[in-house]
Structures are given as C-alpha cells and as structure tokens.
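Respectively, the protein sequence lines represent chains H and U.
Heads up: the first sequence is residues 1 to 185, going by this note's numbering.
Heads up: the second sequence is residues 186 to 511, going by this note's numbering.
A portion of the hints provided could be inaccurate.
Claimed, not checked - So the derived label-pair ranges between C-beta atoms look like this:
| hint | chain 1 | residue 1 | chain 2 | residue 2 | range |
| --- | --- | --- | --- | --- | --- |
| 1 | U | D206 | H | E93 | 20 to 26 Å |
| 2 | H | A157 | U | S382 | 56 to 62 Å |
| 3 | U | G283 | H | Q172 | 47 to 53 Å |
| 4 | U | E216 | H | G32 | 28 to 34 Å |
| 5 | H | H24 | U | E216 | 31 to 37 Å |
| 6 | H | S94 | U | A267 | 55 to 61 Å |
| 7 | U | I243 | H | H24 | 51 to 57 Å |
| 8 | H | H24 | U | R226 | 40 to 46 Å |
| 9 | H | D76 | U | A281 | 26 to 32 Å |
| 10 | U | N430 | H | T34 | 53 to 59 Å |
| 11 | H | E93 | U | P396 | 37 to 43 Å |
| 12 | H | G11 | U | P384 | 49 to 55 Å |
| 13 | U | A293 | H | Q178 | 53 to 59 Å |
Keep in mind the hints are simulated off the structure, nothing from the lab.
Ideal Cβ placement from N, Cα and C applies to all residues, glycine included.
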Amino acid sequence: MAGTTPKPVLGADEIRRALSRIGHEILERTDGATEVVLLGIPTRGVPLARRLAARLSQTEGIEVPVGSLDITLYRDDLRLRPARTLGPTEVPESGIDGKVVILVDDVLYSGRTVRAALDALGDIGRPRAVQLAVLVDRGHRELPIRPDYVGKNLPTAKREEVRVHLTETDGQDCVLLQARQEVAG
Amino acid sequence: MNRHLISSADLTAADALAVLDTAEQLARLAERPIPKLPTLRGRTVVNLFYEDSTRTRISFEAAAKRLSADVINFSAKGSSVAKGESLKDTALTLQAMGADAVVIRHNASGAPHRLAEWVAGSVINAGDGTHEHPTQALLDAFTIRRRLHRLDGLRVAIVGDVLHSRVARSNVWLLHTLGAKVTLVAPPTLLPVAVNSWPCSVSYDFSSVLPRTDVVMMLRVQHERMSQAFFPSVREYSRRYGLDNDRMALLPDHAIVMHPGPMNRGVEIAADVADSPRSTIVEQVANGVSVRMAVLYLLLGGSGGGSGAVGTGSAGQPVLSPEVAR
Chain H
1 MAGTTPKPVL
11 GADEIRRALS
21 RIGHEILERT
31 DGATEVVLLG
41 IPTRGVPLAR
51 RLAARLSQTE
61 GIEVPVGSLD
71 ITLYRDDLRL
81 RPARTLGPTE
91 VPESGIDGKV
101 VILVDDVLYS
111 GRTVRAALDA
121 LGDIGRPRAV
131 QLAVLVDRGH
141 RELPIRPDYV
151 GKNLPTAKRE
161 EVRVHLTETD
171 GQDCVLLQAR
181 QEVAG
Chain U
186 MNRHLISSAD
196 LTAADALAVL
206 DTAEQLARLA
216 ERPIPKLPTL
226 RGRTVVNLFY
236 EDSTRTRISF
246 EAAAKRLSAD
256 VINFSAKGSS
266 VAKGESLKDT
276 ALTLQAMGAD
286 AVVIRHNASG
296 APHRLAEWVA
306 GSVINAGDGT
316 HEHPTQALLD
326 AFTIRRRLHR
336 LDGLRVAIVG
346 DVLHSRVARS
356 NVWLLHTLGA
366 KVTLVAPPTL
376 LPVAVNSWPC
386 SVSYDFSSVL
396 PRTDVVMMLR
406 VQHERMSQAF
416 FPSVREYSRR
426 YGLDNDRMAL
436 LPDHAIVMHP
446 GPMNRGVEIA
456 ADVADSPRST
466 IVEQVANGVS
476 VRMAVLYLLL
486 GGSGGGSGAV
496 GTGSAGQPVL
506 SPEVAR
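Just chain H, same shape as in the assembly (with noise of 0.2 Å):
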C-alpha cells in the first residue's frame, strides 16, 4: 500500500537512549562485560553492536570485542524465497569460545532468526552462555524465544512493518511502522 504514511515509534534521541540503558543493563547482568563478545546479525544489528560497544568503552573504559554473524545459510525459510545475498560474518580474534556472546539485531519478529543465529553459533564455537538484545520487539513469537535486552516492546499487527533506519545504513536514525508493502516478485 503505497498511500498509507509510515508513523514514526521512536526518534534519534529514543534510540540513543534505548542503547544507553542497555549498555548499562549489559554491564550489570554480565559483571563489567569482561567476557563479553557483541556479534550483530546484518544488515542492522551489526552498527547496533558497534555502537553498544563504543558506549560500554564509554562507561566502563573497557574495549569489548565485536563481530558479525551472518545467517542467511541457516534460515528455515530459504526455499519460500529466491536465494539471498549473504552478509558478512566476523569472528572476533579472540573467538566465542568460553565468552557471553550477546546477538544484536534491530527487530525482533517469530524469532526464526534468532534460532537460525544459534545454529549458525554452534558451528563457530561453544560461548559460556548465549544473550539476545533488540532494539525493537514486535511481538508475534513463534518460537520459544525471549530477548534479554529491549530497547523499546512495541505491539503490533501482522500486517504491519516496523522498518529500522540507522544513520550507518540509511542516513538516519529513526523507527517507523507502516503497513506492510506488497513483495514485489
């Protein structure tokens, strides 16, 4: 639906602040973050992870090790769709091995994802424990899946779209929900 104009959930300054607050969440739950690793699933949840460790650098003094974890090969849903570009995934140096690994994606949905990143984790390495922060979480599980970190619980509709623009990806920063646009194709 072309016509219907996107509303705006959360501005710059929201997310500023979401990413603050779970910055400061982070250090409490882990103990300072010391063995913690960020991995952010592209596109979105990787410039949220830079950006959760450039505050705990902030905050704490401390540079937590970040990467990406791609997990398009790992998806349930691969034949539903033509093939899929691949993003790209980095380990950290210092590896998974024995550390808290925290996911970072921008939305959390059915959570197809998330299971598709533990999949994809297990073939890396084995982390001492497995954490998820979102930026947005829109409800509508499917799987038995729960985030640790919520920047914003925003309930919604199927039929609706919460699109995430980040300044490193789309110039801004901004959260908009919108009804969702026909797939082309």
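Chain U: place on chain H using the hints.
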C-alpha cells in the same frame, strides 16, 4: 533462463558479481572449525560425468557436501551409458530420482543445453566438448579479483590451445562482461575460425604481449582432442608459446600466472613458473570449491531451482541475482 548455468555468455555483470561476492563470504566460512552448512539439506545434486575429470568432479562434490546436499556420482564408464543408453533416457532416470541439480560434463558441445530441456532441476555445465566451462571462468575471475583486487580494465592474455579450450571461451565472455580486456595468443592453427566475432583481440607473438599484461592464463595443449597436426612439434610449440622463466621476466611485477590444470609441465608452462609465487594454480583449486558452492547456493538455495519447488511461482526469476536483503 538463469535457472541453469550453461554458458558464461548468459551471465550479466550483476549475475557474475553476485557469484563472486557470495563465493567471497563462503570462502571465509571454510576457515571455521566446522565448515559445513545446512543450507541445501535434503537437496540432491547429481554429478553426471561422461568425460574423465578429477578436479572438477571432486570440486563439485566437495562444494555440494559442504552445503549438506546429497551427492550422487554418475560416471559414464561402468554405467548403463556403456550399454548404449542415450542422454535423454539417462536424464529421465535422473528426473525420476528427483535430482535438484545435475552437474554435467560431456564430450559433445551443447549436451547441457539439451539436458536442460529434459530435466526439471537446474543444469550446471561442468564442461561440454569445446564449448564452455563456466564455473572454471568464474573461479578464474574470483582468483584474479582476490589477487589483484579488481577486474575492470585488467589486461588478460589467454595463451595456447584456444581452439579446443572451453576454458578459453568461457573466460573470454565472462572477463569481457566484467570489463577486462582479453587478448588471445596462439598459433593461427589453434584459433577458431570465428574468433574475430569474439569480444577480444588476437596476437601471434607471445613475447610482445607480455609487458602489457596483468594476468597470463596458460591453456593446456589438448593432445587428446587433436586429430591432425596443429603445430610442427611439441618442442617448437613450447619455444614460441610456452611460458618459461625468461618470458615470465617480461611481465610487470604485479602480474599473475594462471593455469586451469591439469598442466603439461615443460610444454605450455615451465616447472619453475608453475611453482613460482606468481602462479595461482593451487589457489585456483581451493577457490573452485567456494565458487561452486556459491553457484549451487544461488541456483538451489532459494525457491527458484530444484524439482521440489517447481511451479512455486518464481518462473522467469533471474535466480543468479539474489534478492537484496531488507
């Protein structure tokens, strides 16, 4: 059209770059403790080889297995083909077994094209007669890009038995599509008649081409396909068109030397050259697995290919151009 990979002339620059970029990501995964991916679980890939091949068949098999596909190897020797079964009947058998992809090597040019009309799955050309060998061209392009970090504007010399070489044909088209300038260097007897309609230039003087070359791609002299005398003697061929140390010294410092293998050491390439740091011959083999994984993923990984997904509505979808992630 792009449900299959028959010819590198069919590929657009976007298709080819999609394969190279996907291969780049897949190559990194190969360094992990567990290089296996679940992506093609439950899909069947048949390697249908009518001609002897070691590296290509093993490379396709390794690629399919790394993506968790089931692999059936079928070689013409010792099979029903030896009893006289036609390609069509073999194709129908594979079809009945539910092959999602058929990787075919055949001594007749055009066999993969015919096969594509008979099977519902994807057909991947692993070399047909003297026609094409598109995955070899893709892995060569991938190797060049990894070493020299670009393809656009590069000067590539393809040297030797162009007449019998499907590798040369596939490379000329692909490298042209990707913006490289190709020069074929060969004795006139080893050039095809229609070479002036190809998007490349031609030279008979190897030494004069070398100083203006970024990539030298040596071709194997295919004695097994030569029914007549194409050059007076192996020794004379080697003198004029072989790459030895003296000739290699004429190359610019950054230039690389490639060979699709198997090599005739001492004929088209001297042993010292083949083992020099400029040579990418071993890398080409390793890169072959990543590139073939990328091709299998792009053809079978989505809804476009495979008998299991036929009729799910993506007919005409250019499968090799992946959907851009949201």
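Against the structure, the hints:
1. Between U/D206 and H/E93 the Cβ separation comes to about 24 Å, which falls inside the hinted range of 20 to 26 Å.
2. The hint said 56 to 62 Å for the Cβ distance between H/A157 and U/S382, and at roughly 59 Å that hint holds.
3. Between U/G283 and H/Q172 the beta carbon distance is about 49 Å. The supplied range of 47 to 53 Å therefore holds.
4. The given range of 28 to 34 Å is respected by U/E216 and H/G32, whose C-beta atoms sit roughly 31 Å from each other.
5. Checked against the given bound of 31 to 37 Å, the beta carbons of H/H24 and U/E216, roughly 36 Å apart, stay inside it.
6. Hint check: H/S94 to U/A267, Cβ distance near 56 Å, so the stated range 55 to 61 Å holds.
7. Separated by about 54 Å at the C-beta atoms, U/I243 and H/H24 satisfy the suggested range of 51 to 57 Å.
8. Checked against the hint of 40 to 46 Å, the pair H/H24 and U/R226 passes, with Cβ atoms roughly 41 Å apart.
9. The hinted range of 26 to 32 Å is satisfied by H/D76 and U/A281, whose Cβ atoms lie roughly 28 Å apart.
10. The supplied range of 53 to 59 Å is met by U/N430 and H/T34, whose beta-carbon atoms lie about 56 Å from each other.
11. At about 42 Å, the beta-carbon gap between H/E93 and U/P396 stays in the expected band of 37 to 43 Å.
12. For the hinted restraint 49 to 55 Å between H/G11 and U/P384, the CB-CB distance of approximately 53 Å keeps it satisfied.
13. Restraint check, U/A293 to H/Q178: a C-beta distance of roughly 55 Å satisfies the suggested window 53 to 59 Å.
Going through the hint list in order, the structure satisfies each hint without exception.
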